[in-house]
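Chemist: Build out the structure end to end from the sequences listed, making use of the hints.
2 protein chains.
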Amino acid sequence: MSDLQKTDFSKWYIQTIQNADLMSYLPVRGCIIFKPDGYELWERIQQRFNAYLKSQGIRNAYFPMLIPKHFFEKEEEHIEGFAPELPWMTQVGDEKLEEPYALRPTSETMIGNAFSDWIQSYRDLPYEINQWANVFRWEKKTLPFMRTSEFLWQEGHTAHASEEDARKRTLSVLDAYTDLIENFLDIPVYKGQKTPSERFAGAVDTYSAESMMRDGKAVQAGTSHYLGNNFAESFDIKYLDKDNQMKYVFTTSWGISTRLIGAMIMEHGDENGLVLPPAIAPTQVVLIPVGPWQKNPEIMEKLTTIEESLKAKDIRVQIDDTDSSPGYKFNDWEQKGVPMHVEFGPRDLKNDSAVIKMRDLDDKESVSLDGIEDKIADELKVMQKRLLESARARNKANEYYDIDTLDDLKKHIETKKEANETPGFVLIGWDGTAETEAKIKEETGFTTRNIPFNPPMEKKVDIVSGKPAKYTVWIARAY
Amino acid sequence: MSDLQKTDFSKWYIQTIQNADLMSYLPVRGCIIFKPDGYELWERIQQRFNAYLKSQGIRNAYFPMLIPKHFFEKEEEHIEGFAPELPWMTQVGDEKLEEPYALRPTSETMIGNAFSDWIQSYRDLPYEINQWANVFRWEKKTLPFMRTSEFLWQEGHTAHASEEDARKRTLSVLDAYTDLIENFLDIPVYKGQKTPSERFAGAVDTYSAESMMRDGKAVQAGTSHYLGNNFAESFDIKYLDKDNQMKYVFTTSWGISTRLIGAMIMEHGDENGLVLPPAIAPTQVVLIPVGPWQKNPEIMEKLTTIEESLKAKDIRVQIDDTDSSPGYKFNDWEQKGVPMHVEFGPRDLKNDSAVIKMRDLDDKESVSLDGIEDKIADELKVMQKRLLESARARNKANEYYDIDTLDDLKKHIETKKEANETPGFVLIGWDGTAETEAKIKEETGFTTRNIPFNPPMEKKVDIVSGKPAKYTVWIARAY
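In order, the protein sequence lines correspond to chains A and B.
With the working numbering applied, the first sequence has no gaps in its numbers, which climb one by one up to 539 at the end.
With the working numbering applied, the second sequence has no gaps in its numbers, which climb one by one up to 539 at the end.
Misleading hints may appear alongside valid ones.
Stated by the list, open to error - On the chain B side, residues computed to face chain A include the following (Cβ under 7 Å):
| no. | residue |
| --- | --- |
| 1 | Pro87 |
| 2 | Tyr122 |
| 3 | Phe123 |
| 4 | Met149 |
| 5 | Val195 |
| 6 | Gln305 |
Calculated directly from the structure, the hints in this document are not laboratory data.
Glycine included, C-beta positions come from ideal geometry on N, C-alpha and C.
Modeler: As C-alpha cells, this is what we get:
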C-alpha cells in the first residue's frame, strides 16, 4: 500500500476517483454524477452480465420506479427493513397525492404483484426476469460508488415450482457473480451464507460474495436471496400444478450494483491512482509518441499502423498525440488506470522496437516491433491474471484464523492499528446467537460477513460465549 | 385498415399490445410494466442509437434523478413549462425534507449545473454527452408506450463555442433520429421546426421528426433543441476563449423515448396484431413443423439444420416445437409481429421445399430448400423496405394540401368523419401568430406539427386570418 493509502484510505479513494475523472459531486445528498469514464465501467459490467442472463434464457424487463405504499406494506419484514431509508413522492405540482409512492429501494413488491398476475399454471414456471434500474436508499453515511442515495443496479427475480429449483437458481447466480467479480474485475470473492441478522429483509436465506479491499475492509459485492414462499404468500403468487392443486411459488432475487466500481477501485488502485483490469478498461492501451516526434512523420505513421493492427485484434487502443509532454501523459494515463502504455520515439524507430509499460509493474520493457500486436495482447491477458493473483496474495496476508476470544480480537485490532496495518478478515467460531454478533459489533465494529462455503478451517468455540461453535464465520469491518 | 382499426383505433391498439405481450398494467397511475418482448424493442433502439453516438464521440453518463427545487427555478420558462406535471419527493422515512426534489422530467438543469463546473476553457468544447434514463411527467391523459407518467428515454446534452456549431449538432441529431426512425423502425418522418408555442420550455428553436400513424394522427417521434445561451446564462456556463475573454457556451438537447415503441405499433399493426420491422424484431423467423411431424424425426432434423444456418447468418430464429396446433402457432406468432414464419411438414420434406409466409403479405410461397437461407435473408431485407414504402404510400394518401380556410378544414374533418376516414395531415398557410394556432386548436383539435424543411408546396394565405402566410405548416391531431 502507498503511504496515503495506509494513513488515510478514504482520502486516497476520493483523490483517485477524482483524478481519474470517474464522477462528480453535486448538491443532491449522497448522489453522484457518473461521468463517462465511470459510467462506461458500468456499461461493460452490464454487457458481461447480460451474456450470463442470455445463456440462461433470463430476459430483461422494466418495472415502474414508484411503488404504492400499500404494496410495500404487504410483506412485514420487508417494510420494516427498508422503512427508515425510503424516499417518498407525495405530491404532483401543487397537489398532494392520496397515497404516496416510495422510490424503489428494490422491486420485490412491485414484481410480486406482477407475478401474481402472470403466473397461473405450472407451465409458466420457472418465470425468470431481470431489470437494470436506478434504486434509492437514503442511508446516513455515503461514499461515491460504494454507497450512494441513488445507485444503479441489476435485480433478478425468479419464481419456481419447487424449493429445490429456487435454491438452485439462487446459488447458480452466486456463481455467475463470482465469475464476473473474479475473472472480469479481478476481485477475489468469499462465497457464503449471511447470518440471519444480516439477511435481506423478507428472505429465508441470503448468500453473498464478499470481497476484501486493499485496506482490509469488506465489501458485499453481490447478494442472492432465497425468498421461499414469503413474497408468494404476501402477494398471492399461486399456480395450478399438474395435480390440479393451487400452490405457492418459491421465489428468488439477486443483485449487483454500481458499488462494484468502487470495489474495483479500492482493490487495485495504488499511489499513482486507478488501476483497471484489462478486461473492463475502456481504453486498454495508449500509444504515446516521445522525443521530437513532430519532426519525424514516420513515428506517427508507425504508431497508426500499430493502432490499426491492435484494433483488428479488438484491443481498445488510442494514440495520445496531444501537445503535452510525455511525462505529463504517462502520469495522466496512469491516474486513469489504463493497463498499458507504449512509448515510441526516434531511437525506437531506428531500433525497430518500442517500450511498453504495464500499469501494475514498475519496470518498462523494450520489445521488438515485429509481432508487437501479439506481445501486447499477451501482456494484457497476463496482467488480467496477475491482478487477481496479487489480490489473492494480499487477501491471504490479511486473513486471521487463530483468534479465539473477544479479548484476543481486541488485542489484534489494537496491534494492527499501532502498526498502521489492517486487522483484515478474521475467521471465528460462532454459536449462532444474535447476542454474539451484537457484542462483537459493539466492541470492535466488526460485523459477520458470511458463513463461508469452504472455510480454510473449522472453528470450534464461539468467540464471545465460549460455547461450542455451530458455525465458522468471517468477520471484518465493512463498507 | 382493419374494421376495428377504423371504428375504434384505441381499442385495437390496447388489444394488440396485450396480445403481443408487450406490457402490463398495474396500480401506479399512468405507468406500465415493460414486459420482455416490449423491453427488448427498447434495447434494440438503444443499441442502434449508441452506434450513432459512438461514431460522433458522444459518450454516455448518468446524472442523479432527483433535481433540487432551486435548480429547477433557475430557468424561468423551463420551470413554468414543467411545473404542473412535476412529481415531488418531499420526505424520507417519516422526516420531511427542507428542500423537496423534483423527479426529473428532463435534465437540462442538472446537467447545466454540471457543465458550469466542467467547462472552463475553449479546449473543453464541444462538450457532448448522452444519458439513458427514466423520466417523469405526470400528464393528464396517458396511453401505454405513447404517453406514460414514467418513461424511458435518451437525452443528449451538448455545449459549443459557437452558435453555428450548436445548430449543426441540433440538426445532425435530427438526421440521426430520422435515419433510426425511417430505416430501423420503418416509420417515415416529417422533418421541420416547431412553432414557438410548441417549443421545448427554455429552447430558442425546437426541431421535430413527426410521423403519421395508421389512423392519421401525428406522433412527435423525436425532438432536437437549440437552446442558445438560455441555460448557459441561467447556470453560468462560461469558458475562457482563445482571445482571453469569458464567454457563454451555446447548448443543445435532444431526445427520443419509449413512445417510439408505441409509434411502431400504430404504424405497422394490422387486424392480426403487431407487425415488426425485421431490423428490430427480437425474433425474425419462426420455424414451424406441420403435419404429423412428431412421427418423422427427419422434419425436426431438417428444421434444426435450417435454424443453424440462419443463425450463422445472424438471423434471429427459433423453432416452435410446442404441442399446440400449427393454426394456433401461426396466429400466436402473427399477433407477436414476427416478420416471417416457415412451415415445414412431410410433403415439404418430400419436395425438398418449405412454405414461407411474410407477416405483412397475405400469400404464402413455396420455396426450395436449396439456398433457403439466402432466400429468407433476402425476403427480410425486402420486407424492411416494403414496410417503409407502404407507410409512405399511406401517408401520401392522407396528406391534404388544398385546404385554405378554417371552414374548409372543418368541412374536410366532417366529411372524413362521416366516411369513417382520417382527416390526416393538412398543409396550411400560417401568418406566424399564436392566435391562428389557438383558433385552429379550439375549433378542430388540430395542432401545428411543424414547419417542414421541404414542404410539398408553398401555401400563400393564413388559414384563419386570410393574411399573407409567413410559413407553410403541417397541422394534424396528435398523440
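Chemist: If you check each hint against the structure, which ones fail?
Modeler: Hints 5, 6 contradicted; others consistent.
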